[in-house]
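> Protein chains in written order, with the numbering used here: chain L, 5 to 313; chain S, 5 to 313; chain X, 5 to 313; chain Y, 5 to 313.
Quick caveat, the hints were computed from the structure, so don't treat them as lab data.
Computed from a prediction, not measured in an experiment: that's the story for all the values here.
Any given hint might turn out to be false.
Identical chains blur together in the list; that is why a pair holds if it fits in one copy or across any two.
Listed below are the simulated DSS-like cross-link pairs for lysine-lysine, each with C-alpha atoms no more than 30 Å apart in a straight line [stated by the list, open to error]:
1. 38 with 126
2. 68 with 44
3. 44 with 58
4. 58 with 126
5. 58 with 122
6. 68 with 58
7. 122 with 44
8. 44 with 159
9. 127 with 42
10. 108 with 126
11. 38 with 122
12. 38 with 127
13. 68 with 108
14. 159 with 20
15. 38 with 58
16. 126 with 44
17. 127 with 20
18. 126 with 68
19. 68 with 38
20. 42 with 122
21. 127 with 44
22. 38 with 159
23. 159 with 58
24. 42 with 68
Protein chains: 4
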Amino acid sequence: MTGKEEIPGVVVETEKSRDITISRVRIENEEGEKALGKPKGYYVTLEVPRLREKDPELTEEVSKKLAEELKVMINLPVDSIVLVIGLGNWNVTPDSLGPKVVEKLLVTKHLLEFMPEKFNTKKGIRPVCALAPGVLGITGIETGEIIKGVVERIKPDFVIVIDALAARSIERISTTIQISNSGIQPGSGVGNRRMGISRESIGVPVVAIGVPTVVDAATVASDALDMMISEFERQAKPGSEFYKMLKTLNIGEKYQLIREVLYPFVGELVVTPKEIDSLIENTSRTLSGGLNLALHPGISYEEVSTFLQ
Amino acid sequence: MTGKEEIPGVVVETEKSRDITISRVRIENEEGEKALGKPKGYYVTLEVPRLREKDPELTEEVSKKLAEELKVMINLPVDSIVLVIGLGNWNVTPDSLGPKVVEKLLVTKHLLEFMPEKFNTKKGIRPVCALAPGVLGITGIETGEIIKGVVERIKPDFVIVIDALAARSIERISTTIQISNSGIQPGSGVGNRRMGISRESIGVPVVAIGVPTVVDAATVASDALDMMISEFERQAKPGSEFYKMLKTLNIGEKYQLIREVLYPFVGELVVTPKEIDSLIENTSRTLSGGLNLALHPGISYEEVSTFLQ
Amino acid sequence: MTGKEEIPGVVVETEKSRDITISRVRIENEEGEKALGKPKGYYVTLEVPRLREKDPELTEEVSKKLAEELKVMINLPVDSIVLVIGLGNWNVTPDSLGPKVVEKLLVTKHLLEFMPEKFNTKKGIRPVCALAPGVLGITGIETGEIIKGVVERIKPDFVIVIDALAARSIERISTTIQISNSGIQPGSGVGNRRMGISRESIGVPVVAIGVPTVVDAATVASDALDMMISEFERQAKPGSEFYKMLKTLNIGEKYQLIREVLYPFVGELVVTPKEIDSLIENTSRTLSGGLNLALHPGISYEEVSTFLQ
Amino acid sequence: MTGKEEIPGVVVETEKSRDITISRVRIENEEGEKALGKPKGYYVTLEVPRLREKDPELTEEVSKKLAEELKVMINLPVDSIVLVIGLGNWNVTPDSLGPKVVEKLLVTKHLLEFMPEKFNTKKGIRPVCALAPGVLGITGIETGEIIKGVVERIKPDFVIVIDALAARSIERISTTIQISNSGIQPGSGVGNRRMGISRESIGVPVVAIGVPTVVDAATVASDALDMMISEFERQAKPGSEFYKMLKTLNIGEKYQLIREVLYPFVGELVVTPKEIDSLIENTSRTLSGGLNLALHPGISYEEVSTFLQ
């Protein structure tokens, strides 16, 4: 716990350990909304630069930290029903995070119904159900409509949505986990989902968990340019006309300029790390580990691991 | 067109070509229901013994015949919305037929909405949408509930359900396509689905398409025994005590006897041909070919094939 | 350790625990070869009826037992090179056992060469390499030729061959692990491999590990018939003409008879359990667990498990 | 046919159509080797900017053009044996091009041996065999050693090697096909293969076919910077200190600078387009189409397509 900044309408808290930095941001009113450009709500980010290394011990630590944060957000008795939605396209590797997480969940709603002596809330097992609804190009149906239909029918107490995100910076790819109770914003995912999913749109509290898995080529270039400018500044001749000009461009302008210049050559090139298959595998294991711990208080990490095999 | 049998309340019609036998059965009243042990409705079966050979020309022929039969069953203007549901578990090869068919469909509902100049009903393109809802063990939700929720939300005019079936005879595996407008019967699928899906349960007309992909070991044994008895009878000494006894057993008893005897050794062993991966691939291609032709009157087999690549 | 039978030229030993029966058969001379119809050599079979249940604790126990048996068979210093060959076709689920095992091996030969400070024989890490050569239909090359070429080039001290087998009885599917130092017999695998692989054919000691994953329909029928005959005998009228006749047929004849009768209806139908995807997954985990323990004496089951994730 | 440039020791020829630009470069002596920094040999590049659009007609056109170029390079009677090697790691999507091409080849060597009446050179069917040897991390064996072992054993007349490449420019990803008879250079592939594969190293003529599928983040940034400089130059004030400085950096220096600046933030980040799954699918189809046509003169594109289904 290292600090509490003071932006009006925003409460920020940061917690650092060797490998994980957790920041918790609460946007409390319209003033805060304007300052941060996001709707009111509670936002938690886990930054784990070494997550890309796929170290099993770190995976375990991150899963446990994630579970703690999720428990605070969800905060419901163990008998309330949770529906987990894995957004994204299972045929597009960097967009397959949501479906891959759902595949590794301890889905139990039917077990509590049909085998109540073995699976019940007294053993700390919650009724959890899950769905990977696919994407518009696969189903022809707006994903939000499928979710609404299922939510209306099975009436869960809580919905958790998992999505692969487009990063605004290359360093964030597969290294940050973003959680919020303000839902999924339209167009933030890898596949440019059109609809938002939030408490307002589906009538049930929603927590969204996202991990950036792609970045567009213009962002890569823009990030590199920024780093070069900083580097030049640090090294040398601060008066030169070169970064005088570049520094006068604000971030948005520079990014826009790069996009326009790149476009004729590569179009809307969105890229992902070469190792994306194993990154998705490891990230989905980390998220499902955290979800299984958070949702089923009676199940240990070891039991979850055995199950995941 | 070779015949019309006379069971009260049942109209039967058979059409044979070199490779395909089509039988069309209409059960018209309760008398017919009792006689055949199935609910009222229209049942079409395509028997294609050579379908297991994966001959591309035969695949084309069967797809076209299937399309003709489906057109009769569906019989709706080109602007009515069809929802195709691929039942089954994509992680269990012999149960993955439904999801595999859905993957190869020309899904168009969103295209007609967002690119109406290119995709429209005047070009013979129907609004088609599709869903592979998974199975109870994956979602924790009764599949019928997911379907009801989605149907209520998007209000299609017609629902087509695809499922892999348990065969009652080894010869039928991957060689027969069964279509009916009476819906899916509970427990008929590979995964023993609990709920039926029919016009009554979801409020929209339903056509079910099924292909047997598994058979239980007791059926294999029972079939073999029947064939041996016939063979013995054909060859020899009709008075022997041997088949006297066996012939006194009716089919149900014999099957039950074999099940009981086998059970302690192999449990409820359900088997599938060794080549099931390629059989499912070829069968799903055949079914999706037929569906694409039946649903989009403006699209040719060649266009569908190109798309399927 | 429960017994030692006396067939001339054959030494048999059996060890039973709750879930696992291990039989070790040593065929010592030509007399023994004739009696058992197999070449001279050491044959170990692990029978684990509950292996189909995919219980993680049992998987661990079987892996450890397998490792012990393999260590006796291989019996080489830790610096000798072992090449593991995963036979079979990765596109045919029941034939994909070998490639799946290879995928889960701790392959280390290159690590000992390039990172000797971290990976070395003093830490109990052996130089292991592996290959899944594919099958004739995929490569156009006799698999034995690929293996010979690679063996001649890299000169391993020992070769281990993994293969999916055709069972001679339905109960054995995915419940028995067969190990021998007499190599792979031609035609015993799921894909009817033409060539044998043995010390004689490739010039290096060979241990073969096989697990039955398929059975032909005639075997299913024949097994069922045998069980019915035993059942009838047990229950009743031992003098009847029925099993008098059936009992006069020896096993080979009966099987042949059933094959001939079935053939016109189903051809050479070879079947596999419906759950074959998860059976192959679990069996490959069990075998690779055992191999990793046997080959690398310095690595524990827990480390192997973590790696397998 | 549009030109013939004059670099000593180098013959260049360019052919343009609407969608495809083919350049053929022959490096004839040491002078040419020095000028182009590549070994003597014949290099053909197909540039197809629209290849990323996955248009089936363009796929067909490119396959046919590729076949023509390959026929010139291979130029062997139909009865000579060709071995096709698909390099790369099938578990890493952008590195799986080689194995995916091999999967779609008409492999025939065994058919000519076992069914000579149906498959023979008089029908224009060549004996083709194929192998996907995996990568060092999977096998523990240098891939070149596996290839040498197999080549020595089966003695093909010609070897074709397929590999996914690291691009030196983002525009080239999945849009250019590079062919040469000088073999594969070490370290040019996605997975940084250590060994080269060439006529010298394996004793048989080699043609290498490569398609760029990845690019490193520094290249993306460097390309973007170059484009921005050109754009600034084109638009404005050519005297400014800004591009004076940047223009004084040569390409190598600039790239090196960016790498150094980026490294602390993202390491050796190598990226691939988000759509890599479908790009690999389409590219492998294009290459295997070209190979099948080039190798089997008696088989038409339509027959190949039917087979590829």
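> Taking the earlier hints as the rules, which of them does this structure contradict?
Hints 1, 3, 7, 9, 11, 12, 14, 15, 16, 17, 19, 20, 21, 22 and 23 contradicted; others consistent.
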